[in-house]
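Colleague: Both chains come to you apart, so use the hints to assemble them.
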Amino acid sequence: MTETTLDLREVPENERSERLTAAFEALPSGGLLFFTTAEDPRRVLRQLITNLWGRFDWAPLKEGDSQWLSQIVKRERPGPTGLEDMLIVEHRRCDDLFAEAEAAAQEGDQERTELLFGRLEMGMERHFTIEEEGFFQEVDQRMGLMGGGPVAVMRDEHQQMRGMLRRMAGALAESNLEDFLAASDTMIYLMEQHNMKEEEMLYPMAEEVLGAEMDELLQRLYLF
Amino acid sequence: MNRKGLRLDQAPPLHLPLRFFLTAPLFGVGAGLLLAWKGAELLLTPWSFPTLALVHLITLGFLTMVMMGALYQITPVLVGTPVPGTGLVWLVHLGLVCGLAALTLWLLTGAPFLNWLAVAGLLPAFLIFLGQMALALRRAPTWNATVFSIALAVTALALAISLGLVFLGEFAALWQLPARRPLATAHVYLALGGWVGTLITGVGYAVIPMFYLSGKFPAHLTWLVMAFQLLLPISGSLVAFLAPSPVWHLIPLLIAASATGVFTFAVVRALRGRKRRIIDSTLRYWQTGIACAPLSLASLAVFTFHPEFRWLMAFGVLFLLGFAMSILSGMLYKIVAFLVWLHRFSKMAGKMDVPLLRDIIPHRPTALQWWTHLLMLGLLVVAALTGHDGLARAGGLALVVSCGALFLILLRAARFNRPTTSTESTGITATNSSGAATAEPQPPSQGSTEA
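So the sequence lines, in the order shown, correspond to chains A and B. Going by the working numbering, the first residue of the first sequence is number 1, and it counts up by one from there. Going by the working numbering, the first residue of the second sequence is number 1001, and it counts up by one from there.
The set of hints was computed from the structure by calculation and includes no laboratory data. There could be a bad hint or two in this list.
Okay, derived cross-link-like pairs now, SDA-like style, lysine to any residue, Cα gap no bigger than 25 angstroms in a straight line [stated by the list, open to error]: (1) B/K1334 <-> A/L181; (2) B/K1216 <-> A/F128; (3) B/K1216 <-> A/G82; (4) A/K62 <-> B/K1275; (5) B/K1216 <-> A/G79; (6) A/K74 <-> B/K1216.
So that you can see chain B by itself, here it is in the shape it has in the complex (with noise of 0.2 angstroms):
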């Protein structure tokens, strides 16, 4: 154990992981146009390049935007040790928000040139990301669960974004793949099962028992299902490549169904042992999520029997949206409320007008947006499922309504910033940055303010 390591002050300034979640729903939204714009077409096949603009909006503009923030947030907490480089943090945001926005442009567009600016922002957003996370965990002073997991979810990434810059090599004809189909499943394999699926199971087990006292999952039960995560994009490229018959695919999905059943098990258990019986809408968006996750192998597996392309559809749906951006959302609404608070209000703890959390996220508008979130899962199933064409587009809208929503909640979040004006006290200097000097929080644009 490196006793050198253990620092547990070096939560990184707030506007560093802010960035990013204040980021994430607007590619929500932008992924969200995308389908309202050109309805079921992007819902026919996978391979199609709109289609792929789609998911990259959400995998990359949503989830990654999101878990990349979280990381640099968590990582010093969760394993004890800084990210070194936060000063090019800024850079790894832009680098990741204009090479999205080139990558999608390109394969809306096809013009070449933003192939190559895809490259140059992604490439070296990337870089740096990874480098700082395996300098951060080099540096980890204990290796328990969650830092496993953290390690096992950044490989993955660093896998599936090789062969997506691999991708973007070939279609800038710097050079020819042999064999491109079993590489992209490779690339899936490692960016949802590695990569989302790994880091949202580690960041569960961390915060389950913290934010509902759950008390902490079996030892055993954690590393059964990193077993299974680890063997999961491993089984599934080996399978990509070497499997004569698509049957093959079953053995990943079976992997992945007892990582998910595992996993599942001991988050409905703890939920349902949970001390604190507060009903949240991170609650609301853990249930959704985990309800999600079985339904989409569900349908993956109907796939690998049934290989019309509508059953993969669904599974994206309900993996993608369902499961992860679910589970994303109500992280978020928990997340920012706290670093606010931490950063702005914690000092003063003690006197009786501080703002509370329920003040800086209140709980009503997470409710109706949790509810737009619904919606828009409803409709995009059916959608993908049916190929209707007027359901995807209502989708797509929803989907707009509730990331703009999202959006809407996290910037009120992120400009909420209260002096203390009232001369009770209880001997704590109230201090403020920013010299505003309203009586009330001032909303951004929305009037989504009762507490």
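So here's chain A without its partners, still in its complex pose (with noise of 0.2 angstroms):
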């Protein structure tokens, strides 16, 4: 995968989305832009996402310290964003994270594991937050559930996955790797059980009661 990195820091606010998109132009198919800002990056999303909305997946790795870091890649097939392409991606990319810190977390290094752990974190973070403050209400309304059933069975879920990463990340600021890794082992058939019941039945659920407005939704829900 072609990586690119993009400084837009020092860049004055009305050049910089024409730079990032100019960046974003540049990159071949599938390719990966990393850039980073000096504050939250969603007022310059913004502006991507009236103009190119479809043909790029966003992900936030690092915030605050006026040293914001975030990931652009360039879709493969543009098209209507769908669930595919948003929430399943994400389930995907915060997979491969959580592999890649606890790998680092074998090979005992400390440094790595909290960088991976951390966009691990906001990754999800995000990603409970677009459920839980958007997309679950949608789909509870249309399906008549009265915030009972499915989606209260997955807002839990979100609880106890937030409880274990605190606990993760507890381990970690202890320097304790070991308990990282027994913390790590127990998340994962909390994570994996719970994106099989989201991808398996209720995102298939979701896009047959909002077909076409799902598109809409997850745009209004991207900056969340």
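Modeller: Written out as structure tokens, the structure reads:
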């Protein structure tokens, strides 16, 4: 995969979107762009969503300290955004980060574990928020579930996963990689059975009830 | 797609699958004791009554016991619909245990009332179980490869059990069977190929990507394996009735080999490409099972050309203990540990002193248990091929040890309950139902407590 980096921290505000778009257009299909901003990148992304919606996948990697790091992937198959392109892509990206963080911990590389785990935490929190603040509500209403049933279970499991992420972060803060790995080995089953329920059951149904409105909904939720 | 059917909150209470999971190793111990007692005479022919007792202690007592418990647990999650009538599950379990005990004693002693007792236990147990599964599958909101393989496996089980009851009826002199041997062959194809083989592969598609982050199995491979698995019991049964010579059994054998070949290829590729590089006993058990499957078929192929029973007995050892028991044992470690954690500890997941899976089922005892399982396999394969009495008895004892250890590890996990006494809190209140206020987990009786 081609990787490009772009630093927008010193770029004047009115030029940022243009520079980001130019760097994006220069990417080959499937290419990956890392970009750094001095503040929350969502502001510059709004422009990108207006102009290039359906052609990219964005994910935040690091926030704060006047140095926010994000990544953008140029989609190989542009088109309307479905769950496959957004929530499922994020499941797989988090799986990868999880496995890499675990591998780094197995090698005893504290620094790299922290880096990758930080990205995992950010990715998962954004994903939870998108689902809890918008997606679940929409599915809930359309399916007439009144906040109960599958969506309530998914919310509960998010809370449990947040707990496990805190547990892993605690172990990492104490530089206890052994304990980090023990916690990750519990987390993985919680996370994967949750993903499976969503991907095999909830998402297909959500796609059925939302149909063509899915693209619009996801666009609305994108910058949560 | 039936939206109203979607329920993701229908996981049954913990004791429901656990009673099956904890009973299964005890039947394994029973099988080992029987073998240690009778020795190589059990390995001479698959059709003697004591050998049938041994075989059914493993197939029904261990394999089916685990698979039924697992189906009660995973059907709500994998199929997305609750299993109805969970209040009757104790009856299913009781019927299976008593019916199987009676069947074993009847096969060993021949006392006629035991035959009736076996039917009285097994018939209601399977009727209820199969009825529950049929209802759950009928309400399935969506049909994917896993749901399809569950349906196929359960159908094969229904047919295999029906034939089994037909045999019991014949021995009770209710009727006379015109062709017992072909029916028995069909029974074996349905039970091993249809029920055991299909369910294990179906579960494999679901759990290997989950446990090891290996990526999904390619859909065309899973459907290909399933097509072979559908053809296997059908062709096997047809050949059993119609074929003029045993060589015709090569047709179902080739189908079984194709299914095994594709499945083995897919699993090996998935495990090699897995993103999680951890090695645990479950992985070791998958590797053992996947290695034994082609060996068992090779043994069966030799039997087709050299009809000496020792090749058939070696097939039995390799398929039932090497393939099926291995994979199910490995799955038990993961499922039991996760279920205990989910039911007792998930609500306080953020606390630093909350037990983790490795506290509930530590790695080292399971690794040792895997070694005893390997030893048992080695002894019994050689005993089956040579007919050596000492090896058969030693293999029986090894089976007692490995299943006994499996039982103790699972029992300790089932009883694992640690209320948090620490005051360090992240704001989540720990609730504990049992009230046993001990700071340390209490191992039941064995010293497998180190983390």
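Colleague: Now tell me, hint by hint, if it's right for this structure.
Modeller: Hint check results:
Restraint check for B/K1334 and A/L181: satisfied, since their Cα atoms lie roughly 16 angstroms apart, inside the 25 angstroms limit. Taken as a hint, the B/K1216 and A/F128 pair is honoured in the structure, with Cα atoms around 23 angstroms apart against an allowance of 25 angstroms. For the suggested pair B/K1216 and A/G82, the alpha carbons sit about 19 angstroms apart, so the restraint of at most 25 angstroms is met. Using a Cα cut-off of 25 angstroms, the hinted pair A/K62 and B/K1275 holds, with the two alpha carbons roughly 23 angstroms apart.
Taking the CA atoms of B/K1216 and A/G79, the gap is near 24 angstroms; set against the 25 angstroms cutoff, the hint holds. Taken as a hint, the A/K74 and B/K1216 pair is honoured in the structure, with Cα atoms around 23 angstroms apart against an allowance of 25 angstroms.
Hint compliance for this structure: every hint is met.
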